[in-house]
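S.K.: Protein sequence lines correspond, in order, to chains Z and D. Everything in the first sequence is counted per my numbering, starting at 1 for the first residue and increasing by one. Everything in the second sequence is counted per my numbering, starting at 1001 for the first residue and increasing by one.
These aren't lab readings, by the way, just hints derived from the structure by calculation. All C-beta atoms, glycine included, are put in the ideal place defined by N, C-alpha and C. One or more hints might be untrue.
Computed footprint of chain D on chain Z, listed as stretches where at least three residues anywhere in the stretch have a Cβ under 8 Å from a Cβ of chain D [said to hold, decoys possible]:
hint, stretch
1, 30-43
2, 54-66
3, 69-80
4, 91-98
5, 139-145
6, 165-179
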Amino acid sequence: MTRTRPGPVKLRRDVTPKSDSDAVDATLAAMGDAHAFERLYRGHIGRVHSLARRMLGDDEADEAAQDVFVRAWEKLATFRGEAAFGTWLHRLAINLILGRRERRGVQRQRYLEGDGVLETLAGRRSAPEASMDMERAIARLPDGARQIFLLHDVEGYQHEEIAGMLGLATGTSKSQLHRARMALRQHLDR
Amino acid sequence: MSDQWTDRLSEYLDGDLTEPEKAALEAHLTTCAACRETLTGLRRIVAQARSLEDRPPSRDLWSGVATRIGVARGGRRLTFSVPQLLAAGIALAVLSGGSAWLLHPGPARVTAVQPAAPGTVPVATVGSTSAAERSYDSAVDDLERILAEGRGRLDSTTVRVLEQNLALIDRAIAQAQRAVAADSANVYLNTHLAETMRRKIDLLRQAAALVSAVS
Chain Z
1 MTRTRPGPVK LRRDVTPKSD SDAVDATLAA MGDAHAFERL YRGHIGRVHS
51 LARRMLGDDE ADEAAQDVFV RAWEKLATFR GEAAFGTWLH RLAINLILGR
101 RERRGVQRQR YLEGDGVLET LAGRRSAPEA SMDMERAIAR LPDGARQIFL
151 LHDVEGYQHE EIAGMLGLAT GTSKSQLHRA RMALRQHLDR
Chain D
1001 MSDQWTDRLS EYLDGDLTEP EKAALEAHLT TCAACRETLT GLRRIVAQAR
1051 SLEDRPPSRD LWSGVATRIG VARGGRRLTF SVPQLLAAGI ALAVLSGGSA
1101 WLLHPGPARV TAVQPAAPGT VPVATVGSTS AAERSYDSAV DDLERILAEG
1151 RGRLDSTTVR VLEQNLALID RAIAQAQRAV AADSANVYLN THLAETMRRK
1201 IDLLRQAAAL VSAVS
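Bound-form chain Z, shown alone (with noise of 0.2 Å):
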């Protein structure tokens, strides 16, 4: 069965134009350097505090981006510079930052809520701005779809790869991820 892809698209995931400065501070790290892990940490705290807010919240980010490097500095010897470090980095924090999701007891069913749910969004609109902030309409969005979305449109792995990650149908990954744009497009145009 042909697929209609479109062209190439530049994912932010692979977004990485300090590699080769990555790679030197990754071996260094490794090898016990702590001035070239903190290098490797201001490079890259805002990508992985982003993504551990945007996936978790408020609360939890803070902690979670702080687990992300210690579990990289644990873990650095493993990097062999096959891929770009903060490609191996975002995938280590998205590992973590879903087996903490598990941890605190987000159910398979959140992937699986109707309609109505995600219908809802634009009537919990608690201010009357003329134009809600993105971020704060993703937050808004049902737990499961908005982890679909996070994954998907902003970080850019494709359905295959994410019902991998989240133990789903590749066609629940699909339709919540529609339900999502649909939401965020309703909210979004009020």
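Based on the hints, put chain D in the right spot on chain Z.
M.R.: Here is chain D on its own, set in the frame of chain Z:
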């Protein structure tokens, strides 16, 4: 308003429809204003999602990370033996000389006025060959010799990673030197070159320490 195609619009947008499905939906779009409007809205959402800006945390989290990994006071996991300290000493001498060289005032030089970040050397410029530059080159040669003599004692993966990274740094230094040659007054380029050279020293120093550790 929605119809049988509304729920397929995201798949269309993402290129996930088969050719026959795509053709059918595009035919539908020519007659359905509601679907065209919805598609425009979905495109806008996707574009906004891709352009979301990352932002750093509201407070500095590094100190917490540093404490948890045991480097809160700038410590390192490695403890250096006497030979390692010798190697590190060479590097420190080079850094001192290199800094002096890079900061040396002169008519053909540019001096950066930029605060030093932790772990960085506040350097700025590259001018003509000087004693300090020769000192830098000499120390690089010394460290490379230590690495060359000891590489047989390192495992092949370590050697490969070191060589890859040294090649990366050399490439970065060459690029930076070309950039500085073309725009010698550019403070950013000069600082970048100096930082890249410092990283080469850092890496060579660590490599020399590794060699000494397995001697």
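S.K.: Determine for every hint whether it applies to the structure shown.
M.R.: Hints and how they fare:
Only when three residues or more bring their CB closer than 8 Å to a CB of chain D does the claim for the stretch 30-43 of chain Z stand; here the count is 11, and the claim holds. Here the stretch 54-66 of chain Z counts 4 residues with a CB under 8 Å from a CB of chain D, which clears the bar of 3, and the coverage holds. Check result for the stretch 69-80 of chain Z against chain D: holds, 5 residues qualifying (beta carbon to beta carbon below 8 Å, three or more required). Look at the stretch 91-98 of chain Z against chain D: 0 of its residues bring a Cβ nearer than 8 Å to a Cβ of that chain, fewer than three, so the hint is violated.
With a cut-off of 8 Å between beta carbons, the stretch 139-145 of chain Z has 0 residues touching chain D; three or more are needed, and the interface restraint is violated. Coverage of a stretch by a chain is defined here by at least three residues with a beta carbon nearer than 8 Å to that chain's beta carbons; for the stretch 165-179 of chain Z and chain D the count is 4, and the condition holds.
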